Amino acid sequence: GNYDVNAMLGSAAGMDLALATGRGEPLLTEWPGIAGPLVADEAVMQIGERNSRDPGFAWADINATAITRIDVFAAREAGAIGMLETTKAVLARADCLYWLHLDVDVLDQTLMPAVDSPGSPGIDPDDLV
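Read left to right, the sequence shown gives residues 170 to 298 (our numbering).
Possibly wrong hints are sitting among the right ones.
[Claimed, not checked] Ranges between beta-carbon positions, derived for each pair:
| # | residue 1 | residue 2 | range |
| --- | --- | --- | --- |
| 1 | Leu196 | Glu254 | 33 to 43 Å |
| 2 | Trp228 | Ala283 | 15 to 25 Å |
| 3 | Ser286 | Asp230 | 35 to 45 Å |
| 4 | Ala229 | Asp285 | 28 to 38 Å |
| 5 | Leu280 | Pro201 | 39 to 49 Å |
| 6 | Leu207 | Ala247 | 36 to 46 Å |
| 7 | Gly225 | Glu254 | 10 to 20 Å |
In short, the hints are calculated from the structure, not lab data.
Fair warning: this is a prediction, and the values are worked out from it, not measured in the lab.
No residue lacks a Cβ here, since even glycine has one placed at the ideal position from N, Cα and C.
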């Protein structure tokens, strides 16, 4: 989604998940002694995306991956226990390295406005603890 194979972006900003899963410029995605990406899609969870249900969602290609996704609406509905159970299930099936990245942009902008992508709704901080 956030990567154009025909361009040398020279930047990794906003691409942490893409790079960890082997999507991006070879300089940033190929590691000595590691065959393939740092982490397989099956061992990745993305929690808190708030735009994925919008028509014309810019990064819809993530839907064609094995990445487990819980958007902000599902996260708020599931609560802390539901998100924890899903996370435990993903980690249990992943007999390999996994990727944990917490982007505080998933918090509601009324609680965390000092991010590059503030928005509402957001996840309650108590549900992330």
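Hint-by-hint comparison with the structure:
For leucine 196 and glutamate 254, the Cβ-Cβ distance of about 38 Å falls inside the hinted range of 33 to 43 Å, so the restraint holds. Separated by about 23 Å at the C-beta atoms, tryptophan 228 and alanine 283 satisfy the suggested range of 15 to 25 Å. Roughly 19 Å separates the CB atoms of serine 286 and aspartate 230, a value that falls outside the hinted 35 to 45 Å. Here the CB-CB span from alanine 229 to aspartate 285 is close to 21 Å, at odds with the stated 28 to 38 Å.
A beta carbon spacing of about 41 Å between leucine 280 and proline 201 agrees with the range 39 to 49 Å that was offered as a hint. The given range of 36 to 46 Å is broken by leucine 207 and alanine 247, whose C-beta atoms sit roughly 27 Å from each other. The hinted range of 10 to 20 Å is not satisfied by glycine 225 and glutamate 254, whose Cβ atoms lie roughly 32 Å apart.
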